Amino acid sequence: MSYRRKYDDTWIGGGYSKKVSNRFSYGASAFLSAKVLDYSASLISQAYLLGDSVLVNGAYEPKYVSESSFKEDFSYWYLSFIFKAGVQYVFPNERFSLGLNFTLPDLPVYVKVDIVKSYSRSNVYDNDANTFVSSEGSSGYEKDLGGVRVKNPFAISFGVRYESKDTKSSVSVAAEYFSKIGNYDIVSSSEELNWVPRYVSDNFLENNYLSYAYEAKSVTNIAVGLKQYFGKKKGGIACWV
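Last residue of the sequence shown: 1388 (our numbering), numbering continuous.
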């Protein structure tokens, strides 16, 4: 079996912020996200005879190798816009502040997808028919397919920062929640394969072997940070944890 998966997600963007007062600020940012996936997998199973021949229906069959294989390649380019917005509030003592940030689901811009899947088998003995099945193979592909969706979750993050009276130490706490993504088709293909093994087709309600689906559970991340200056704050040494 061989497996390869390379995934990149590069963001390029900018933002704007405004300080309304000494206590309140807000800002927004926009990013162009470029997602690139290059995935391939193959599985080849082979069975060899221990002897020179095998008895089938009273006749000896010469030595042979049974083989069954499955291969797939899936790649895409996916460009989308992602927008963020946030606010910050500083309390009157200026030692305590909090912030709130929202990340909106992405807006698709450009999509390109290539899909290839193939099955094959040869010299496989069918116990029900008491004979060898004929060699079979089937492949299907989609090139430059559109209509692809790679969803980003809605996210909300919250942060709190407290600074000591001498401003030499501070504590920060941040949490971010990523919403659940329900099951959906990343790629929905109408192309059909001419032949698919029964053990595969029996597990599908529809013949959609060139389609890909995805779902994700909600996730919450929490982080705590500590900062301490040693010596004078200006020219001293700071340590972050």
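Take the hints with a grain of salt, since some may be wrong.
Stated by the list, open to error - Okay, derived cross-link-like pairs now, DSBU-like style, lysine-lysine, Cα gap no bigger than 30 Å in a straight line: (1) 1312 with 1374; (2) 1182 with 1231; (3) 1259 with 1165; (4) 1264 with 1298; (5) 1315 with 1374; (6) 1165 with 1264; (7) 1165 with 1364; (8) 1182 with 1312; (9) 1264 with 1182; (10) 1264 with 1290; (11) 1364 with 1298; (12) 1153 with 1327; (13) 1259 with 1315; (14) 1182 with 1259; (15) 1218 with 1182; (16) 1315 with 1218; (17) 1166 with 1374; (18) 1153 with 1312; (19) 1153 with 1364; (20) 1374 with 1231; (21) 1218 with 1166; (22) 1218 with 1374.
None of these hints come from the bench; they were simulated from the model.
Since this is a predicted model, take the numbers as computed values, not measurements.
Checked hints:
no., hint, verdict
1, 1312 with 1374, "14 Å, holds"
2, 1182 with 1231, "18 Å, holds"
3, 1259 with 1165, "38 Å, violated"
4, 1264 with 1298, "24 Å, holds"
5, 1315 with 1374, "8 Å, holds"
6, 1165 with 1264, "52 Å, violated"
7, 1165 with 1364, "35 Å, violated"
8, 1182 with 1312, "45 Å, violated"
9, 1264 with 1182, "22 Å, holds"
10, 1264 with 1290, "12 Å, holds"
11, 1364 with 1298, "13 Å, holds"
12, 1153 with 1327, "24 Å, holds"
13, 1259 with 1315, "52 Å, violated"
14, 1182 with 1259, "11 Å, holds"
15, 1218 with 1182, "23 Å, holds"
16, 1315 with 1218, "60 Å, violated"
17, 1166 with 1374, "25 Å, holds"
18, 1153 with 1312, "49 Å, violated"
19, 1153 with 1364, "22 Å, holds"
20, 1374 with 1231, "27 Å, holds"
21, 1218 with 1166, "56 Å, violated"
22, 1218 with 1374, "52 Å, violated"
Figure legend: structure checked against the earlier numbered hints; hints not met, in rising order: 3, 6, 7, 8, 13, 16, 18, 21, 22.
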